[in-house]
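**Student:** Please assemble the complex out of the two chains, which come individually in their own frames, going by the hints.
Taken in order, these protein sequences are the chains called A and B. Convert by adding 264 to the 1-based position in the first sequence; the result is the number in our numbering. Position 20 of the second sequence, counting from 1, maps to 5 under our numbering, and the rest follow consecutively.
Hints should not be assumed to be uniformly reliable.
To be verified - No farther apart than 20 Å at their CA atoms in a straight line, the calculated lysine to aspartate or glutamate pairs in the EDC-like style are these:
#: 1; chain 1: B; residue 1: LYS10; chain 2: B; residue 2: ASP34
#: 2; chain 1: A; residue 1: LYS290; chain 2: B; residue 2: GLU25
#: 3; chain 1: B; residue 1: LYS113; chain 2: B; residue 2: GLU124
#: 4; chain 1: A; residue 1: LYS282; chain 2: B; residue 2: GLU37
#: 5; chain 1: A; residue 1: LYS305; chain 2: B; residue 2: GLU115
#: 6; chain 1: B; residue 1: LYS12; chain 2: A; residue 2: ASP281
#: 7; chain 1: A; residue 1: LYS305; chain 2: B; residue 2: ASP40
#: 8; chain 1: A; residue 1: LYS305; chain 2: B; residue 2: ASP112
#: 9; chain 1: B; residue 1: LYS12; chain 2: B; residue 2: ASP40
#: 10; chain 1: A; residue 1: LYS279; chain 2: B; residue 2: GLU(-3)
#: 11; chain 1: A; residue 1: LYS282; chain 2: B; residue 2: ASP40
#: 12; chain 1: A; residue 1: LYS290; chain 2: B; residue 2: GLU121
#: 13; chain 1: A; residue 1: LYS306; chain 2: B; residue 2: ASP111
None of these hints come from the bench; they were simulated from the model.
Each chain, letter by letter, is given below.
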Amino acid sequence: MKLEDLNKSKVPIVKIDKKLERFRGKVLFPEKLEQANTILKKVGLPDLAQ
Amino acid sequence: MKYPKYQYSSEEQMQYYEFVSIGSKGKIRKIVEYSTTSVEGVYNLAFGDYDEKTDGIDDKSITNNGDSQKVLATVASTVYAFTGKYPDAWVHVTGSTIVRTRLYRMGITNNLAEISEDFHVYGLLDDKWEKFIIGEDYEAFLVTRKHKINKK
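Next comes chain B alone, as it looks inside the complex (with noise of 0.2 Å):
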C-alpha cells in the first residue's frame, strides 16, 4: 500500500507483530495476530489495542489517535510479511463491527490495484466467497498469494 506505515517487529514464527500507534492521544501499543483456525492453512488476522495494565487486547476500542490509515497500512503490511513466511496460507479478515468491516472494505478498495497484483482477493457476500468488487457490502475477507513463493 502507497499510505505511510509504522515500522514493526514479530517473533520467529510471524504469527504476532507489534507497533506503536503515534497520534493525538499519544502512544499506543498495537498487536496484529495471525491464528490458525479449524481449517488447515487458512489463518485469521485480527488486531487490537495491547492494555499494558490487563496485559490483555482490546480489538473494539475506538482509539482515535488520527492515524487509522496508517494503521491499517501498516496491518496489510503484516500480510505481506505473513505470506512471505506462509505463502500457501490463505488469511481471513472481518471487523470487529459493520463500521470496522466497511473500513477495511475501503482500505481494500483503495489500493486493490496495487493489493491484486500480489494477492487474490476475495469478499463474502450472503454465505459466498466471490471475487472483490468494488462497491459490495463485505461481510469479510479473504486473501492468498497469486505467486507462490518460496518459503522461507
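Pulled out of the complex, with its shape left as it was, chain A reads as follows (with noise of 0.2 Å):
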C-alpha cells in the first residue's frame, strides 16, 4: 500500500514485529496507569444508554 493510500484509510494496515513482543506484560507508563485507576475507580464508567 502506498503511503497516500494509508493516510487516507480509516481502518490501519499494521505490520506485525516480533520485536515489540519483548514489551508484553511490562508497564511503560506507570504513571499513567495509576491515573487512570485512579479516576476510573472514583468516576467508573460512562452509562451508553444516556
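**Tutor:** Listed below in C-alpha cells is the structure:
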C-alpha cells in the first residue's frame, strides 16, 4: 500500500513486528496507568444508554 | 483522521505499537501502549519517546520534532487498530501535562465529526464523564466503538 493510500484509509494497515513482543506484560507508563485507575475507581464508566 | 500519519508496527496482541517520527530533530522512535486497567475491558492509552540508551520510555519529553499533528494522527490511528482487535474495549487517555491534555482535546475537537462516526467520545469534567462537547476543558477522555465489529 502506498503512503498516500495509508493516509486516506481509516482502517490502518498494521505490520507485525515480533521485536515488540519484548514489551508484553510490561507497564511502560506506570504513572499514567495509576492516574487512569484512580479516575476509574472514583468515576467509573459512563452509561452508554445516556 | 484526515492528517498524514506514519506507518507503524505492532506485536500480535496489538497492545504495543512503534513508529518513527521524522522531523527537524531527526528520527525519534515512539512507542504507544494500551495497558490493562483495574477495570475489565478498559485500557489506558499512553505514548512517548523510546530512549535506546536507557531502554526506557519518556512520556514527558517535549520533542519539538515539528510533526506533532502527524504524531497525534498516528496515535489516533492505533485506536482504530486496537479496537479492531478489541471491539468492546474502552480506551482511556489523558496527557502527562495540562498542556498536553489540551493538545489531545484540540485533536479530538478538530476531528470530532469523523471520530464520532465510529466512536462514543466522552470527556471527564468535575469527576463526571459527559459526551464530548467542543470547548470544554476536559481532564481525560474515554472512547469506545459504536459499532462492535467482528473480533479477529
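**Student:** Against each hint, give a clear statement of whether it holds in the structure.
**Tutor:** So, going through the hints one by one against the coordinates:
Taking the CA atoms of LYS10/B and ASP34/B, the gap is about 13 Å. The hint holds against a cut of 20 Å. For the given pair, LYS290/A sits about 17 Å from GLU25/B by alpha-carbon distance, which is consistent with the 20 Å threshold. Simply put, LYS113/B and GLU124/B have alpha-carbon atoms about 10 Å apart, close enough for the 20 Å limit, and the pair holds. In summary, the hint linking LYS282/A to GLU37/B is supported, as the alpha carbons are separated by about 18 Å, within the 20 Å threshold.
Only pairs whose Cα atoms come within 20 Å are accepted, and LYS305/A paired with GLU115/B is accepted, the gap being roughly 17 Å. Using a Cα cut-off of 20 Å, the hinted pair LYS12/B and ASP281/A holds, with the two alpha carbons roughly 19 Å apart. Between LYS305/A and ASP40/B the CA atoms are separated by roughly 31 Å; this puts the pair beyond 20 Å, and the hint is violated. For the hint linking LYS305/A to ASP112/B, the alpha-carbon distance of about 11 Å falls within 20 Å, and the restraint holds.
For the hint pairing LYS12/B with ASP40/B, the CA-to-CA distance comes to about 16 Å; that is within 20 Å, so the pair holds. Taking the CA atoms of LYS279/A and GLU(-3)/B, the gap is near 9 Å; set against the 20 Å cutoff, the hint holds. Note on LYS282/A and ASP40/B: the hinted pairing holds, with a Cα-Cα distance of about 17 Å set against a maximum of 20 Å. Between LYS290/A and GLU121/B, the direct Cα distance comes to roughly 34 Å. Violation of the 20 Å bound is thereby established for this hinted pair.
For the proposed pair LYS306/A and ASP111/B, the alpha carbon gap of about 11 Å is at most 20 Å, so the pair holds.
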